[in-house]
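Using the sequences provided together with the hints, build the complete structure.
Numbering (UniProt numbering), first residue to last: 1 to 151.
Rather than coming from a laboratory, the hints here were simulated on the basis of the structure.
PhoX-like, lysine-lysine: derived pairs with alpha carbons at most 20 Å apart:
no. : residue 1 : residue 2
1   : K151      : K3
2   : K23       : K38
3   : K3        : K149
Label-pair ranges, simulated between beta-carbon atoms:
no. : residue 1 : residue 2 : range
4   : L146      : M1        : 22 to 32 Å
5   : E121      : L12       : 27 to 37 Å
6   : Y30       : S84       : 37 to 47 Å
7   : I64       : N35       : 36 to 46 Å
8   : L146      : S19       : 30 to 40 Å
9   : L31       : Q80       : 35 to 45 Å
10  : I33       : L4        : 24 to 34 Å
11  : S84       : E121      : 40 to 50 Å
12  : E22       : L117      : 18 to 28 Å
13  : L107      : L146      : 34 to 44 Å
14  : S83       : F37       : 37 to 47 Å
15  : K147      : R79       : 13 to 23 Å
Just so you know, even glycine gets a beta-carbon here, dropped at the ideal spot from N, CA and C.
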Amino acid sequence: MRKLLIGLCIILIDQLSKSWVEKNIPFTEYLEINNFFKIVHFQNTGAAFSFLDSASGWQNNFFILLTLVILTYLIYLYRQNISSPYGSTSIMLIISGAIGNLIDRFLNGHVTDFIYLHINEYYWPAFNVADSAITIGAIIYLLGLLKGKIK
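Given below as structure tokens:
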């Protein structure tokens, strides 16, 4: 039950942060926090690293369907690993992030990205709270696999 509450909090923080950005920062504009961190307002109709972002529009329905299929499998994996702290925590983070971005795709037809890190002219692609949860979850999952703690 605690993991479910954490997952719901991640989805809520993700959606609230994206909503704040959409209301307060004009599209493609930014708020500079310091020399390496900006809050931007980007809209990604593609996947990670803007993969297929410039496609003709079919990709949104494709990514919605793909996410639903992956979520079904992740729920199965979660149930298989409910007693494993590595498995249940990592999978819940991934599920929460996937749902956060899925909500964007359903409501807006794109995912709002706003965390923009850079060193001088070298920029990491913009991302959001959901993307962070997915990445952290994947790292924990891989560590669990390496330690033999995940089925």
